[in-house]
Amino acid sequence: MSASPPLPISDQEQDLVQAARGHDMAAFERLVRRYEARVYRLAVHITGNEPDAEDVLQETFLKAYTHLDQFQGQSRFYTWLARIAINEALMRLRKRRGQPEVSLDEEIEAGEATLPRHVQDWRPNPEQLYAESELNRILRGSIASLPLHYRTVFQLRDIDELSTEETAELMGISMPAVKSRLLRARLQLRNKLARYFASRRMVKP
Amino acid sequence: MNCSELLQNLNAYLDDELSPSLKGAAQTHLSACRSCSVVVNTCHSTIQVYRHQYHQLPAFLHRKVMDNVNRRTRPLVR
Numbered sequence: 001m002s003a004s005p006p007l008p009i010s011d012q013e014q015d016l017v018q019a020a021r022g023h024d025m026a027a028f029e030r031l032v033r034r035y036e037a038r039v040y041r042l043a044v045h046i047t048g049n050e051p052d053a054e055d056v057l058q059e060t061f062l063k064a065y066t067h068l069d070q071f072q073g074q075s076r077f078y079t080w081l082a083r084i085a086i087n088e089a090l091m092r093l094r095k096r097r098g099q100p101e102v103s104l105d106e107e108i109e110a111g112e113a114t115l116p117r118h119v120q121d122w123r124p125n126p127e128q129l130y131a132e133s134e135l136n137r138i139l140r141g142s143i144a145s146l147p148l149h150y151r152t153v154f155q156l157r158d159i160d161e162l163s164t165e166e167t168a169e170l171m172g173i174s175m176p177a178v179k180s181r182l183l184r185a186r187l188q189l190r191n192k193l194a195r196y197f198a199s200r201r202m203v204k205p
Numbered sequence: 001m002n003c004s005e006l007l008q009n010l011n012a013y014l015d016d017e018l019s020p021s022l023k024g025a026a027q028t029h030l031s032a033c034r035s036c037s038v039v040v041n042t043c044h045s046t047i048q049v050y051r052h053q054y055h056q057l058p059a060f061l062h063r064k065v066m067d068n069v070n071r072r073t074r075p076l077v078r
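Residue numbers (the working numbering), protein chains in the order written: chain A, 1 to 205; chain B, 1 to 78.
If we strip away everything but chain A, and leave its shape as in the complex, we get:
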């Protein structure tokens, strides 16, 4: 897949990487803080459970630290980290399921996404939202109930805000596949959340 040249990483990030290569742990810790939540969520979404995700999180940053020399600065630092995390997470998943063939490029079921009807409109009120641990549970449960390929695409594109091209490259799938999975993921999640918001009347129709 060739396309536009990759974005260079920011100067500040490049400085942190450079310092971390020289064993400056404070610089490395700033990189960790910047990306740890994303790496952890990615690991949760792929492995489907928090204990494995914790292991993946730790291994990812350990490998990142010991292999910093291999980061060329041609891609964003997060995509480099995410690649390590995806490999680690898939390895755990294969081990757990006893399925050596688990990957992110499996074909998924055919059929067009349908345009859902009769769904109430809703718009969350941010303060109300984030105070509610029940909502967090619903969000986690909803995304966890999506197929692996959907939730990974959704995280990389919509939560981590990677481009379609970066996501395709990381997952080893085509850009059209990223787009179609993203559409399904968005519609499915939206349906799941609609049920919650409609039932909670946190809805301004």
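Simulated from the structure, these hints should not be mistaken for lab results. Remember, predicted model here, so these are calculated numbers, not experimental data. Positions of the beta carbon are idealized from the N, C-alpha and C atoms, including for glycine. There may be inaccurate statements among the hints.
Covered, in the sense of this in silico footprint (three residues per stretch, anywhere, with C-beta under 8 angstroms from a C-beta of chain B), are these stretches of chain A [stated by the list, open to error]:
1. 58 to 72
2. 75 to 85
3. 184 to 194
The hints should help you fit chain B onto chain A, whose structure is shown.
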């Protein structure tokens, strides 16, 4: 643009990647079609809710990450 054409372009519309003419056609359809505008609004809300929810890692997990790196790379660091 009809409903199924809107659905085909839903991602691009949400990501603001449509050409000006397609975007205009989508907006015309949306202003006339309540169902489609609900779909667009709630998809947008879904993305926003998730984006804002996943912001920070619990402190104990952060410490585990750093302890692990420190412990297992000590010979390299010293």
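Closer than 8 angstroms, Cβ to Cβ, for at least three residues: run that test on the region 58 to 72 of chain A against chain B and report holds or violated.
holds (count 5)
Cut-off 8 angstroms, C-beta pairs, minimum 3 residues; does the coverage of the region 75 to 85 of chain A by chain B stand?
Violated - the region 75 to 85 of chain A has 0 residues with a Cβ nearer than 8 angstroms to chain B, which falls short of three.
Quick check: the region 184 to 194 of chain A, covered by chain B? Criterion 3+ residues, Cβ under 8 angstroms.
Holds, because 6 residues of the region 184 to 194 of chain A bring their Cβ atoms closer than 8 angstroms to Cβ atoms of chain B.
In summary, the one numbered hint that this structure violates is 2.
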